[in-house]
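> Once you have looked at the hints, place chain B on chain A.
Protein chains in written order, with numbering that gives the first Met the number 0: chain A, 0 to 187; chain B, 0 to 213.
Calculated directly from the structure, the hints in this document are not laboratory data. Certain hints may be false.
For lysine to aspartate or glutamate, the following DMTMM-like pairs were computed, each having C-alpha atoms within a straight-line distance of at most 20 Å [unchecked claim]:
(1) A/74 - B/36
(2) A/97 - B/123
(3) A/22 - B/66
(4) A/88 - A/54
(5) A/66 - A/12
(6) A/51 - B/62
(7) A/28 - B/66
(8) B/71 - A/58
(9) A/51 - B/59
(10) A/66 - B/67
(11) A/24 - B/66
(12) A/51 - B/66
(13) B/71 - A/25
(14) A/46 - B/59
(15) A/46 - A/91
(16) B/71 - A/23
(17) A/28 - B/63
(18) A/22 - B/73
Computed footprint of chain B on chain A, listed as stretches where at least three residues anywhere in the stretch have a Cβ under 8 Å from a Cβ of chain B [said to hold, decoys possible]:
(19) 31–40
(20) 59–72
(21) 167–173
Calculated from the model, a selection of chain A residues having no Cβ within reach of chain B, i.e. all distances over 10 Å [said to hold, decoys possible]:
(22) 137
(23) 138
(24) 159
In this text, all values refer to a predicted model and were calculated from it rather than measured experimentally. Ideal Cβ positions, reconstructed from N, Cα and C, are used throughout, including at glycine.
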Amino acid sequence: MEEQNSAALLSHEQLVVLVAKNKDKEAFKTLFYHFAPRLKSYLLNFKIGNQKAEELAQEVMMILWQKAEKFDAEKAKLSTWLFRVARNKFIDHSRRQKYATVNAEDHMKEMVAPERTDEPFEAQERSTLIIEAMKKLSTDQRTVIELSFFKELSHSEIAAETGLPLGTVKSRIRMAFQVLRNELGELR
Amino acid sequence: MTPHGIITDEWIVSYASGALSEAHALVVASHCHYHPELQQKVLDAEAIGGGLMENTQPAEISDDLFEDLMSKLDGVPANDEPALQDSKLPAPLAEYLDKPLDELKWKMMGPGLSQVRLWTGPNDERLWLLRAKGGAKVPAHDHNGLEMTLVLQGSYRVGEAQFTPGLMEIADDDTRNHCPEIDHGEDCICLVVTEAPIKIHSLIGRLVQPFIGL
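If we strip away everything but chain A, and leave its shape as in the complex, we get (with noise of 0.2 Å):
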């Protein structure tokens, strides 16, 4: 990785690699014009004020900065790791609590070997491969996932929600994820 490509041309995982090596602000800032709008975005899904979306998302940027070296593109990709900061940050923020971390850096046991195949997608297709991958839901299924991704809400209040039995809630649940992860297989 020799030659020094202007920052819009590498990938994010890259971007995220000069970061950690060099301390390119360049870098990060082409990760923060794409990222912390998203981020405010996704955090404006639960009724947090603008201000307080802005402020999370800001601090979710500077743990990106700060632990940047912990971050392991072999093993998730920044989106991933940028949306548990800051689904974290936030349910510290609005609950006072503290989110137990699965895959936290320092606790990642060896993982099941991913099936990678080289660089099959362009990293633009690759990040839009969510959307397709959703609209081959059910609008049911799809109902649910959303529910949960951006309302937080529990089996019991998604079947409160929808008046649906909670065993529906659930098995819907189960089998979205199902059809998710067949479509999203190739990112592993």
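Frame of chain A; chain B shown alone:
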């Protein structure tokens, strides 16, 4: 639950989305610590969250947000993760407790049984540790709502089913006369979350229940 003692996927999705309470998240995360295939599933579910986040319509951000962040970066040391206190415990639990099990305040709750209450949430949700001597019997009880039990040490049986370290038992309203028997040998220690006080059958049990706090 299939396979035996392993949590089903709807819990993985709700954990990853951030929908679980503090207690349920801790029990699920600790359970996953024992099972690499569950960690992979969590990662997949978090990748769904990451994908959905990345594809939201970007919000407007303040013009000076980036410069403001850069000005804060100087002089802010990254806070290092604390060293884990008890390596025998799953990492999420060790981090949560921040001290070894022996240093917790265990309260007797019956012959061979003691407990530590860790957290009480809204709607009487409770997170606690249960320690039972080998051979002990937990008094027969019914449940109001969901009970999750993660075995940390030792083992117990409910009928034919045996629960060993890392395995999770889920009992709910339909689980009547729940009467776990601890296997002989070392103490059995479990991390438990109940959604409402359990209903103990025996008169003595019901009399002491308010004092032991279950």
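> Against each hint, give a clear statement of whether it holds in the structure.
Each hint, compared with the structure:
1. A/74 - B/36: At roughly 14 Å apart (the allowed maximum being 20 Å), residue 36 of chain B and residue 74 of chain A satisfy the hint.
2. A/97 - B/123: Status holds; Cα separation ~19 Å.
3. A/22 - B/66: holds (15 Å)
4. A/88 - A/54: holds (11 Å)
5. A/66 - A/12: holds (14 Å)
6. A/51 - B/62: Cα-Cα ~16 Å, so holds.
7. A/28 - B/66: holds (10 Å)
8. B/71 - A/58: holds (10 Å)
9. A/51 - B/59: holds (13 Å)
10. A/66 - B/67: Since the Cα atoms of residue 66 of chain A and residue 67 of chain B sit roughly 19 Å apart, the hinted pair holds (cutoff 20 Å).
11. A/24 - B/66: Between residue 24 of chain A and residue 66 of chain B the Cα gap is close to 11 Å, so the pair holds against 20 Å.
12. A/51 - B/66: Between residue 51 of chain A and residue 66 of chain B the Cα gap is close to 18 Å, so the pair holds against 20 Å.
13. B/71 - A/25: holds (17 Å)
14. A/46 - B/59: holds (16 Å)
15. A/46 - A/91: Distance ~15 Å between residue 46 of chain A and residue 91 of chain A Cα, so the pair holds.
16. B/71 - A/23: Distance ~16 Å between residue 71 of chain B and residue 23 of chain A Cα, so the pair holds.
17. A/28 - B/63: holds (12 Å)
18. A/22 - B/73: With a Cα-Cα distance of about 12 Å, the restraint between residue 22 of chain A and residue 73 of chain B holds, given a limit of 20 Å.
19. 31–40: Satisfied; 9 residues make the cut.
20. 59–72: Since three or more residues must qualify, the claim that chain B covers the segment 59–72 of chain A holds, with 5 doing so at under 8 Å.
21. 167–173: holds (count 5)
22. 137: Non-interface label on residue 137 of chain A holds, nearest chain B Cβ at 16 Å vs cutoff 10 Å.
23. 138: Holds, since 16 Å exceeds 10 Å.
24. 159: holds (13 Å)
In this structure, none of the earlier numbered hints is contradicted; all agree with it.
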